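**Student:** In my numbering, the protein residues as written are 15 to 340.
Please keep in mind that the hints were generated in silico from the structure rather than gathered at the bench.
Honestly, I wouldn't trust all of these hints.
[What the hints assert, rightly or not] Below, a list of computed lysine-lysine pairs in the DSS-like style, where the Cα atoms sit at most 30 angstroms apart:
no.	residue 1	residue 2
1	K101	K114
2	K150	K118
3	K118	K101
4	K150	K114
5	K114	K184
6	K101	K184
7	K150	K68
8	K68	K114
9	K184	K65
10	K68	K101
11	K101	K65
[Claimed, not checked] The following label-pair restraints were derived from C-beta to C-beta distances:
no.	residue 1	residue 2	range
12	K114	V288	24 to 34 angstroms
13	E304	A82	51 to 61 angstroms
14	G268	T121	17 to 27 angstroms
15	Q179	M66	19 to 29 angstroms
Since we're looking at a predicted model, the values are computed, not measured.
The beta carbon of each residue, even a glycine, is placed where N, CA and C say it ideally should be.
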Amino acid sequence: MNLSDILLLTSVVGGLLSIPFIVTGPLSDNIPTGEIVLGMEANDVENIPNKMTKVFSSERYEKTYETAFGRFILSIASNEVSQELSKPGMVTQVTEDIEKTVWKITTQQYSLEVIRTPDSVTQTCTTPDGELIKIKQRGEVTETFQGMSQDSVIETCAQAEESLQIEVEKMEQIKTESEIPSTETKESGVSILINEFMSNPDDEDMEWIELYNPGESDLNLTGWTIEDDSASEESLDDFSISANGYLLLNKSDGDFGFGLTNTRDIIILREDGVIVDQVAYGSFNDGNVEDNPPASSDDGNSTARVPDGSDSWQIDESPTPGQTNS
């Protein structure tokens, strides 16, 4: 086979560019990783032990699904999105930033890396018998080979290309089924803030969350949602908040159904799926525990910004729901 006839991963690159790295929607914590990675029956997967971990912060969102048969990691930062799918004997990675996209698959038999920039595509395939590099730039392909058996390397690299395509499709299926939310931070002239909350009341149904609007205009909250670490998303479509005013959400009134953990949790406020504000408190690990507000250790105390809208949090022994914090 002539080297110029070998596909330069056009289908892989073209297909990947059409795949959204972030899928907005509700967050599911259950995913049949074993089923996707190994092609197992769904009923067989249900009894397999699995673990899910996730990290929220203003700088990074990371979610990991892990079973005995494989692990999938998605990490989203302000300047880079990366994914990794691992299973016995094979690791597949996809990384994207503003300058390039990189696809890579590694096994004991080969390592294949494809780097796409606005100007070129570079494919490097390494096997025990040699290394084949192909560069496509301005419509022309240049090829270099170093090693002992060129025919063997060509055959192995063709297998690597096929495996990379298959594994990337599995990664997309995992992302689609888990419905990874957007972690983009919304920039606007007015930012609604989580201003005070009661996570440890005398009666657990008396939990509440106060939102504060520091702007000069009333806001309709259609398209807004609020959630905690359980990812139980509650719609705020029926609410509005006045200029320089407060909105009090009461669990007892059915404004939200999730329960705030006494010692550690995160509250996330979104507009059209985009994070507007989030507050991790207590020992909740969102990537930076040191900036967390304290968790109330006594029943009936709230955690509040003092003064309203500031970055300074404190435990308030005299909560002020729907009123100025002082």
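**Student:** With reference to the structure, classify each hint as holding or not holding.
**Tutor:** Taking the hints in turn, this is what the structure says about them:
1. K101 with K114: Within the cut-off at roughly 26 angstroms; holds.
2. K150 with K118: holds (17 angstroms)
3. K118 with K101: holds (14 angstroms)
4. K150 with K114: holds (15 angstroms)
5. K114 with K184: Distance ~22 angstroms between K114 and K184 Cα, so the pair holds.
6. K101 with K184: holds (12 angstroms)
7. K150 with K68: Between K150 and K68 the Cα gap is close to 38 angstroms, so the pair fails against 30 angstroms, i.e. violated.
8. K68 with K114: holds (26 angstroms)
9. K184 with K65: holds (19 angstroms)
10. K68 with K101: holds (20 angstroms)
11. K101 with K65: holds (15 angstroms)
12. K114 with V288: 24 to 34 angstroms: For K114 and V288 the Cβ distance comes to about 25 angstroms; the hint holds.
13. E304 with A82: 51 to 61 angstroms: At 35 angstroms between Cβs, range violated.
14. G268 with T121: 17 to 27 angstroms: At roughly 53 angstroms between Cβ atoms, T121 and G268 fall outside 17 to 27 angstroms, so the hint is violated.
15. Q179 with M66: 19 to 29 angstroms: holds (27 angstroms)
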